[in-house]
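Protein chains in written order, with the working numbering: chain P, 1 to 381; chain L, 1 to 294; chain H, 1 to 416.
Wrong hints could be hidden among the right ones.
Stated by the list, open to error - A few chain P residues that don't get close to chain L, going by computed Cβ distances all over 10 Å:
| id | residue |
| --- | --- |
| 1 | A39 |
| 2 | Y42 |
| 3 | F85 |
| 4 | A241 |
| 5 | Y265 |
| 6 | I342 |
| 7 | M343 |
| 8 | E358 |
| 9 | L364 |
What the hints assert, rightly or not - In the DSS-like style, the derived pairs of lysine-lysine whose C-alpha atoms are separated by at most 27 Å in a straight line are:
| id | chain 1 | residue 1 | chain 2 | residue 2 |
| --- | --- | --- | --- | --- |
| 10 | P | K242 | P | K224 |
| 11 | P | K177 | H | K318 |
| 12 | H | K365 | H | K318 |
| 13 | H | K188 | H | K294 |
| 14 | H | K289 | H | K97 |
| 15 | H | K55 | H | K289 |
| 16 | P | K154 | L | K162 |
| 17 | H | K92 | H | K55 |
| 18 | L | K165 | L | K281 |
| 19 | H | K318 | H | K289 |
| 20 | L | K186 | P | K370 |
| 21 | L | K162 | L | K186 |
| 22 | H | K289 | P | K177 |
| 23 | H | K319 | H | K244 |
| 24 | P | K177 | L | K162 |
| 25 | P | K177 | H | K270 |
| 26 | P | K242 | L | K281 |
| 27 | H | K244 | H | K190 |
| 28 | H | K270 | H | K289 |
| 29 | H | K312 | H | K294 |
Honestly, the hints are just simulated from the structure, not real lab data. The beta carbon of each residue, even a glycine, is placed where N, CA and C say it ideally should be.
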Amino acid sequence: MNEKNRNINGVITPTEKANIFSNSLGFIKKNWIGFTLLASLYAIILVLEQVLPVSSMLFVVLKKGAIYALVAVSMNLCNGFTGLFSLGQAGFMLIGAYIYGIFTIPLEARAAVYQYFDGGIINFTVPVPVALIMAGLAAALFAYLIGLPVLRLKSDYLAIATLGFAEIIRAFFQWDKLGPVTNGSNLLRRFPVFSSTLYPFVVSSICITIIVLLINSSYGRAFKAIRDDEVAAEAMGINLAKHKQLSFTISSFFAGVGGALLAMYQTTVQAAPFKAAMTYEILLIVVIGGIGSVTGSVLSSFLFIACSEWWLRFLDSETYIGSFRIPLLASGFRKVVFSIIIMIIVLFYSQGIMGTNEISIDALLRFFKKLFRKGSKEEAT
Amino acid sequence: MEFLNTNLPYILAGISVGGQYALIAIGYTMVYGILRLINFAHGDIFMVAGFAMVYLSATLPLYISIPLTIIITVLLGFAVERMAYKPLRTAPRMSIMISAIGVSYLLQNCAWYITSGLAKQYPTIPWISESISIGTATTKIVTVITPILTIVLVIALVILIKYTKIGMAMRAMAKDFETSQLMGVKINSVISFTFIIGSFLAAIGSLLYFTNYATVTPIAGAMPGLKAFVAAVFGGIGSIPGAVIGAFIIGICENIIRMFGWTTFSDAFTFALLIIILVAKPTGLFGEKSTDKV
Amino acid sequence: MTIKHASIMVFLKLEILIRGGNLGMKRAITIILALCMVLMILSGCGGGTSGNVIKIGVYEPSSGDNGAGGKQEVLGIEYANSVLNSVEIGGKKYDLKLEIVDNESSNDKGPSAAAKLVSAKCSVVIGSYGSGVSIAASDVFGNAGIPVIGASCTNPQVTEGNTHYFRVCYLDPFQGTVLANFAVDEFKAKKAYILTKLGDDYSVGLGNYFKIAFENLGGTVVEETFQEGNSDFTAYLTTAVNEKADVIFAPTSTEAASLIIGQAVSQGIKIPLLAGDTWDSSVILDAAKGSDSKIYVSTFFDEGDDSAAGSKFVTDFKKWLNDNPEKLKNNGGNDIVAAVSALGYDAYMVAVKAIEAAGSPDPQKINDALWGVTYTGVTGDIAFDDIGDAIRDVAFIKSANTSDGSWNFVAIQSVK
């Protein structure tokens with residue numbers, strides 16, 4: 001009990017460091033089925049890429065879905081697990097995307113990209129993995145600085161303050177005077193991008209695994225305690241300011257990485273699309289998946305992207321059966337249908353797909369054991 | 001004097017925009033005062049009012065389409081409350097806010113669908129669309145009318161809240177939701193009434209705003225909505241005079257920023273102001289003592 | 001492998017079943033969702049080209065900021081398709097079918113729309129109105145090896161540094177210089193006020209080229225930018241007046257344009273307004289009608305063109321519009337021929353020429369053939385240089401006739 005309390009306080013002792021290490025080893029040991037499944041998922045994607053034509057919409061959905069899954073899970077860490085209603089996600093993604101773009105555009109392409117700013121002032125590039133981490137770190141740094149004043153605010157005030165910060169960040173990145181670095185409001189392009197669907201999957205799954213590890217650690221328990229009852233959590237000796245700051249910063253780190261991946265997916269970056277609407281979209285994904293469920297967020301990301309990019313697209317094009325024009329179908333109808341579905345979920349299934357539950361290997365095994373037992377019982381009677 | 005002469009148009013524009021923000025901000029501040037809900041859809045209700053006017057005036061004369069627009073807007077505000085917020089009255093605050101974001105998303109998408117996302121030309125309302133000269137500046141009459149009309153409406157509203165029974169009920173609910181319920185206040189009708197007033201003022205605001213700017217787009221409500229909310233927080237949320245003064249300050253500051261050529265930051269400035277006020281004086285300029293905001 | 005995946009999905013589905021709570025409805029929904037996932041994996045890829053159809057993709061905005069202009073460009077393409085809807089290669093007749101998507105004028109929605117065209121297996125793509133969306137989707141087409149012919153995207157970055165993007169219109173450095181020359185010649189302008197939209201490559205780019213050219217001619221400029229969603233231009237216009245600018249140059253979307261014109265009129269501003277090709281639209285004429293504002297635009301094509309190809313196109317296109325009420329509505333409710341419609345028509349014809357030259361519906365072959373295509377279109381002779389740009393040296397300047405809402409031809413301007 002004592003040890004637990006110390007953990008929650010957030011003082012990392014050497015023994016605890018060792019604990020975290022062995023915990024993560026234990027995590028891998030315990031979850032070998034999970035890792036096998038993940039590996040087979042990778043294998044399936046590789047095979048699919050060989051079998052299906054590259055142009056299939058499936059890959060578009062899988063790529064974007066994997067990226068949104070990461071962003072949604074990172075938002076869930078902050079909003080769902082710590083109870084901090086932050087709406088700054090798009091701003092942090094913007095930082096990640098820009099940092100990635102700025103530091104990876106090949107030198108020979110800079111003159112063309114920064115054509116209004118004499119090739120820009122940054123004349124070195126870093127390898128892609130380093131740039132991804134830098135993207136996360138930059139977002140985390142901004143989040144830390146923003147967190148200092150705003151995390152003292154509560155619920156809706158925090159929401160509106162973070163939303164405001166995202167807008168300020170956006171204006172800042174569009175500023176002409178920063179043009180030699182950010183290319184003003186013009187597109188950044190020609191940076192290295194991924195071609196295989198596997199890439200975003202691997203990066204996202206590593207990041208999500210780290211988030212899950214964090215949620216299952218003593219920090220995660222502290223986060224949940226803060227979410228459930230701040231006063232009680234404080235009384236138990238949890239350092240509120242520190243833990244909120246930690247959750248907010250880490251969440252932004254992964255949002256930054258997600259932003260960098262999004263940049264790679266889109267092949268160009270510009271500040272304009274990273275507005276409040278993007279944050280709302282991610283928030284809705286989290287809500288549909290269930291606030292406080294990692295697997296829910298992942299599942300709903302893929303569903304959301306598949307619906308909006310693929311399955312519901314037919315609603316947008318005018319369709320004729322013979323000479324009869326099907327009513328209502330026209331550009332924009334997809335979004336109307338979509339937002340109605342979302343409203344229904346928000347109003348009547350506020351738990352989302354998963355509530356706060358998770359799909360876990362243990363639960364699966366338990367389920368089969370139960371099924372088996374039930375079956376044998378039935379046989380007995 | 002020279003300075004005033006060259007910069008009068010900025011200040012006039014600022015006062016006019018401030019008046020329009022004020023009419024929207026009142027809706028935010030009243031709803032927040034009672035339900036503790038940031039009604040994200042309020043800006044979009046304002047936008048729908050704009051489109052309603054565009055489509056109605058295409059077939060009907062102005063003296064019918066203007067009242068009809070106001071009625072439609074009020075009904076929409078009422079319907080949104082009944083359908084999207086009432087079922088969640090006992091749910092956590094976050095759920096209602098998400099529902100509000102959902103409604104905003106829905107309204108914008110519907111508007112996008114109906115108009116294909118194209119800008120629509122707002123009908124010209126005679127007289128108030130005409131130009132007049134004030135000193136060195138030429139502007140539309142609506143620019144001058146807006147602040148006057150805003151102040152008249154606010155005075156009427158304050159009287160309503162101070163001296164009528166429903167106003168008393170609203171004040172009671174803003175003070176203590178549960179207790180007023182126990183004392184026999186019919187909360188649902190009072191909340192509906194609040195939304196009706198808010199939407200009514202948003203409809204008036206939209207008439208003035210779009211007469212000034214002449215085109216309506218599906219996202220036309222988003223920015224004014226957010227800024228009006230900032231104004232409400234700035235003035236102290238829950239306080240009607242606070243919201244009005246906050247709106248005028250923000251409208252004028254925004255245009256002064258542009259006067260100095262910092263156009264990239266005119267929106268960002270509003271949010272910076274918001275964060276400064278939240279951190280330094282969370283209750284805003286005229287807010288009552290903080291209960292559980294910070 | 002599909003079976004393996006499906007079995008995992010079944011696991012997940014069952015898991016959701018037991019954990020998903022006890023609401024019957026909710027359970028049903030979760031099952032449906034899980035089934036959708038399975039379906040998604042199984043369905044794989046849809047659509048394929050049947051033997052005798054060649055698909056030409058149309059990547060244009062029909063909604064958003066540039067929706068009005070995009071629709072007019074699509075009209076030109078549709079009209080061209082109605083004129084010529086089949087092609088004969090190697091003795092075999094192929095039908096030409098248009099595959100139209102809406103890129104919503106948005107740089108982040110564009111690539112998905114482009115992916116839709118790629119997955120529909122288009123042989124060649126035409127588009128887009130608006131340079132930003134064209135650049136944003138360029139790599140999607142490039143990676144799929146599909147050539148694209150831009151009709152009216154004027155920013156140099158569209159075709160620069162790639163081999164699959166072509167265009168039939170002139171470029172912004174040229175257009176900016178033309179307009180700067182015009183401002184100096186016509187108005188003896190010494191000082192210009194430039195207003196551009198943040199985050200719009202077309203707007204920022206053209207503003208920049210105008211600035212360079214204008215300064216080379218000995219003028220000075222004042223530059224300002226506005227944010228997306230901004231509707232209050234009074235402050236900007238006041239600055240233009242206070243700076244005593246001789247001309248206002250505002251290369252913006254038509255949506256912002258109508259706001260700028262409206263507010264300039266109500267503020268009683270008499271400074272001439274100059275803009276690029278986007279303003280060549282009936283939206284501008286509507287906004288300016290009945291006022292005394294002076295509006296000048298540079299454009300690709302003039303309705304009063306008396307060349308044989310030009311006048312035939314204008315008459316036939318007007319007839320086609322008037323025969324189809326739906327199309328007439330998309331053109332803004334009148335039969336004024338927009339320059340972008342003419343360009344859309346030419347781009348389509350160039351695409352067909354390239355398909356013929358390639359002798360195959362294979363995108364790669366069409367791409368190779370495009371370099372050598374020459375064609376005399378309604379907007380002039382088209383041949384591509386080694387970047388993929390049409391070689392052009394003239395622009396039309398038109399002014400808005402505010403009394404009857406039409407365009408007056410002013411001059412054919414070229415760069416000295």
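- When the hints from earlier in the document are held up against this structure, which numbers fail? Those not satisfied are hints 3, 6, 7, 11, 12, 14, 15, 16, 18, 20, 22, 23, 24, 25 and 29.
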